[in-house]
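Q: Chains as they are written, first to last, in my numbering: chain V, 1 to 315; chain P, 316 to 606; chain H, 607 to 872.
Each hint should be verified, as a subset may be incorrect.
Unchecked claim - What the simulated footprint calls covered on chain P by chain V, stretch by stretch (three residues with Cβ under 8 Å from a Cβ of chain V suffice, anywhere in the stretch; the number is not a length):
| no. | segment |
| --- | --- |
| 1 | 394–405 |
| 2 | 534–544 |
What the hints assert, rightly or not - Short, incomplete list of chain V residues facing chain P, as computed with Cβ under 8 Å:
| no. | residue |
| --- | --- |
| 3 | 87 |
| 4 | 98 |
| 5 | 200 |
| 6 | 204 |
| 7 | 212 |
| 8 | 216 |
| 9 | 276 |
Claimed, not checked - Some chain H residues flagged as far from chain V (calculated, every beta-carbon gap over 12 Å):
| no. | residue |
| --- | --- |
| 10 | 637 |
| 11 | 650 |
| 12 | 671 |
| 13 | 703 |
| 14 | 741 |
| 15 | 742 |
| 16 | 769 |
| 17 | 782 |
| 18 | 826 |
| 19 | 862 |
Hints listed in this document are in silico derivations from the structure and should not be mistaken for laboratory results.
Values in this document were obtained by computation on a predicted structure and should not be read as measured data.
Ideal placement from N, C-alpha and C gives every residue a C-beta, glycine not left out.
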Amino acid sequence: MFDEYLRSVLIFAGIHVIAAYSFYVPFKTGQISLGQAGFMGVGAYAAGIVTAKLGLPFPLGLLAGGVAAGLVGVGVGFPALRIRGIYLLLLTLGFAEIVQVIILTWDYTGGAQGFQNIPFLENALVWIYAIVAVLIVFFARLERSSLGRAMDAVHEDEMAAEVMGVDVVRVKLFAFGLGAFIAGLAGALFAHYSTYVDSVTFNILIGVEILMFVLVGGGFSYWGPLFGAMFLSLLPEFLRALRDPMELIPVSWTENAPWNRVYEVVYEFLDFENEKRLIVYGLVLVVMMILRPQGLITRNTMRPFRFVQRRMHDA
Amino acid sequence: MLGQQLINGLMLGASYSLVAIGYTLIFGVLRLLHFAHGEVFMVGAFIGLHVVLWFAFANIYVAIAGAMVVTALLGWIVARFAVQPVDKGYPLAPLISTIGVTIVLQNLAINIFGGEQVAFPETIEQILYRIGPLTISSVQIFILAVALLSMAALWLFIDRTRMGRAIRATSESHETAALLGVDVNRVVVVTFVVASALAGIAGVLDGVKNSAITPHMGLEVAVKALVVMLLGGLGNVPGAMVAGILLGMVEILTASYLGTSVRDFFTFVILILLLLYRPTGLFGTRTIESG
Amino acid sequence: MPESTASPFLRAAGLTKRFGGFHALRDVDIEVRERAIHAVIGPNGAGKTTLFNLLSGVMAPDSGEIAFLDRPLGRLRPHRRAALGIARTFQNIRLFGHMTVLENVMLGEHWRIYPSLWRSFVKASLHRPLGEAREETEMRRRALETLEFVGLADRRHVMATDLPYGEQRLLELGRALAMEPRLLLLDEPAAGMNIRETEDLDALICKVRDRGVTVVLVEHDMNLVMGISDRITVLNFGDKIAEGSPSEVQLNPAVIEAYLGEEGTL
Numbered sequence: 001m002f003d004e005y006l007r008s009v010l011i012f013a014g015i016h017v018i019a020a021y022s023f024y025v026p027f028k029t030g031q032i033s034l035g036q037a038g039f040m041g042v043g044a045y046a047a048g049i050v051t052a053k054l055g056l057p058f059p060l061g062l063l064a065g066g067v068a069a070g071l072v073g074v075g076v077g078f079p080a081l082r083i084r085g086i087y088l089l090l091l092t093l094g095f096a097e098i099v100q101v102i103i104l105t106w107d108y109t110g111g112a113q114g115f116q117n118i119p120f121l122e123n124a125l126v127w128i129y130a131i132v133a134v135l136i137v138f139f140a141r142l143e144r145s146s147l148g149r150a151m152d153a154v155h156e157d158e159m160a161a162e163v164m165g166v167d168v169v170r171v172k173l174f175a176f177g178l179g180a181f182i183a184g185l186a187g188a189l190f191a192h193y194s195t196y197v198d199s200v201t202f203n204i205l206i207g208v209e210i211l212m213f214v215l216v217g218g219g220f221s222y223w224g225p226l227f228g229a230m231f232l233s234l235l236p237e238f239l240r241a242l243r244d245p246m247e248l249i250p251v252s253w254t255e256n257a258p259w260n261r262v263y264e265v266v267y268e269f270l271d272f273e274n275e276k277r278l279i280v281y282g283l284v285l286v287v288m289m290i291l292r293p294q295g296l297i298t299r300n301t302m303r304p305f306r307f308v309q310r311r312m313h314d315a
Numbered sequence: 316m317l318g319q320q321l322i323n324g325l326m327l328g329a330s331y332s333l334v335a336i337g338y339t340l341i342f343g344v345l346r347l348l349h350f351a352h353g354e355v356f357m358v359g360a361f362i363g364l365h366v367v368l369w370f371a372f373a374n375i376y377v378a379i380a381g382a383m384v385v386t387a388l389l390g391w392i393v394a395r396f397a398v399q400p401v402d403k404g405y406p407l408a409p410l411i412s413t414i415g416v417t418i419v420l421q422n423l424a425i426n427i428f429g430g431e432q433v434a435f436p437e438t439i440e441q442i443l444y445r446i447g448p449l450t451i452s453s454v455q456i457f458i459l460a461v462a463l464l465s466m467a468a469l470w471l472f473i474d475r476t477r478m479g480r481a482i483r484a485t486s487e488s489h490e491t492a493a494l495l496g497v498d499v500n501r502v503v504v505v506t507f508v509v510a511s512a513l514a515g516i517a518g519v520l521d522g523v524k525n526s527a528i529t530p531h532m533g534l535e536v537a538v539k540a541l542v543v544m545l546l547g548g549l550g551n552v553p554g555a556m557v558a559g560i561l562l563g564m565v566e567i568l569t570a571s572y573l574g575t576s577v578r579d580f581f582t583f584v585i586l587i588l589l590l591l592y593r594p595t596g597l598f599g600t601r602t603i604e605s606g
Numbered sequence: 607m608p609e610s611t612a613s614p615f616l617r618a619a620g621l622t623k624r625f626g627g628f629h630a631l632r633d634v635d636i637e638v639r640e641r642a643i644h645a646v647i648g649p650n651g652a653g654k655t656t657l658f659n660l661l662s663g664v665m666a667p668d669s670g671e672i673a674f675l676d677r678p679l680g681r682l683r684p685h686r687r688a689a690l691g692i693a694r695t696f697q698n699i700r701l702f703g704h705m706t707v708l709e710n711v712m713l714g715e716h717w718r719i720y721p722s723l724w725r726s727f728v729k730a731s732l733h734r735p736l737g738e739a740r741e742e743t744e745m746r747r748r749a750l751e752t753l754e755f756v757g758l759a760d761r762r763h764v765m766a767t768d769l770p771y772g773e774q775r776l777l778e779l780g781r782a783l784a785m786e787p788r789l790l791l792l793d794e795p796a797a798g799m800n801i802r803e804t805e806d807l808d809a810l811i812c813k814v815r816d817r818g819v820t821v822v823l824v825e826h827d828m829n830l831v832m833g834i835s836d837r838i839t840v841l842n843f844g845d846k847i848a849e850g851s852p853s854e855v856q857l858n859p860a861v862i863e864a865y866l867g868e869e870g871t872l
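Isolated chain V, as found in the complex:
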């Protein structure tokens, strides 16, 4: 259906979306984690052990990845209850680093050589987008549920939420664990698409990137992670795709100076292999934070779309 390249771009974008939702859940209760890459690592290795080492089918591996990461997540969630802000950021960063070191030194899964020969998942695209669809439905419902409101309340004012009857401790732990579970799914999917993971695969820059997906997309709407991860994953491809219309420009228009030079520079700039593209990506981030610090999507952005539904309920 798609050519191989486009397929792989979409697969990675989908994994990014799932990872972004894994950040979104704890963020909904005000917990900021730089360690989601660590949970992805836990999920990837747990799933890899189940499929590659034990020879069990992929769905079991996927489940194992999610559950293992989720359990570790609850474990990290307990200390996370006591701290917030920059301290929590550092705690989760430290956690991700520790995961990396353990991966590096664990010989059973290849240690520094990496975990090799993880079975390839044939229809990864279908699996990934099925999970994305389930997540979107879930978060749409969460948004209009008591639990979702309780999470928002904890984000805004823990004391007021607690006085209103919200069990803040359990809600935060739950959010951290669920976020880790989703990150574990993302890790398991990644491992079975690339068939190889090592300690560098889930380094802290990945954790930073996940945070960026959500905050660029907008952390206060469940559409934010989807848009943010898609936008930032596909932006480089859009830039590259701009070369196709450029090639339609008749050569006679651009053969003379200075146009030939301009053409060359722009053409090269849009090249996928070129780090200049990432420079643009970084600049886009800075400019976005200046122009739209709340992220692309906010609750207000989506408000008009809820109009119909509100009319139904108001009667």
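With chain V's structure known, arrange chains P and H on it following the hints.
A: Structure of chains P and H alone, referenced to chain V:
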């Protein structure tokens, strides 16, 4: 053996301290985690290298001066164009913005200097001094001297100058500082400039020490310096100085007795234990004080 | 008012809370009767808000005991006290600003509908995946009733922070009422309200009491306090200096002395 390791630890720690001081200054004044600070360190190393390569007359002192000037300018650019225009009402937005700067700087460096490790030429004649059982090289003495001098200069700046006082006042409270007639925006810019220049020095020293630099060197130092900042206490500049050297020594000792992979594990276990049981660091958090 | 029965509705004994060397509350006893409007007054810094923090579980006392319906509360966390029927408002309004008025009130109903987090998770994820849980519709209906009661029904889709000050106070009250509490702690509900709003609030608090809710009220507006309270406790620098009916308290020399120099008179 132990004494020798402690000297090596001191070397490693001195560069952690220099980078961590910058973090601490910026955190003290803006409550901002300046994510790109490690990249400023990397840029400093490359500028130092190229000053040495390009100019026949250049020695290591010129290289350090050159790196300081360029990173100070970089600090100014980051403050004016990536931090100040961002709305403070969104606490995470400046962080993301500096992440953007990180990506820009790292890829600019890869673009200009190439993605590979490059050798840092020998700029100081290697002379080994023996003091009892210990061996100290001229390079080590140089690094330590420059690092300590820079920290002393910073201390004088914070303690004795008008701008230093303004920085201290701003780290207490922006409102109060503004009421006292401090131009807070200028203080923020100056803080970035000073912090970045220190990171620039640290970058060159790192090149001298390891004889090689890469565009990827920023991240590891940045993460370690974050640990140091916390260890010393958020916003506590003298704390960061001491904590940097402490972490350097601990790392060298664990690496030599337990192996390098255990070293990082150990570092981050310390980080997590600190966060849980002593989030104010070893020496307490404070607003920027002279000591 | 029914006279005090054998076991009081709310009883606090020997409450003490220190901040450093400063006594915010010192050995304070207080008894609140069911269906009463009980005011707690005193100059600034008398310890009124600290008392509320101890009653609602936001802070733990250094010593002393609180019993609600004969049940010692000990170190029960705030959400468990909420489940027992204790609700409160905050002096420095603490609404959820990113939520609408309606959502704020719906949050107040949280514990009643979903005492179990797992059940709420299952409801949120599995039950009728594309529609809305029946409980949600029910909650919305009840929240609207509550909003009508406090007079904010037509403002239900406004963001909480966009409300004017007086209406924010009303919303705090509504959010607390949505919890269907047996005991309602109101911390300066009239602060920042104009005279007309205060009069409406006066009537509203009486209506709340008539619904069977016991009200404990911290308030500086003495007209309001004297007009609606059944009983008044007076605190000064952490000590209880007087207790009694409004007329008793008004004539108490210790009270008059404590208020000398304070703006306004009794």
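Q: Tell me, in ascending order, the numbers of any earlier hints that this structure violates.
A: Result: hints 5, 13, 14, 15, 17 break, sorted rising.
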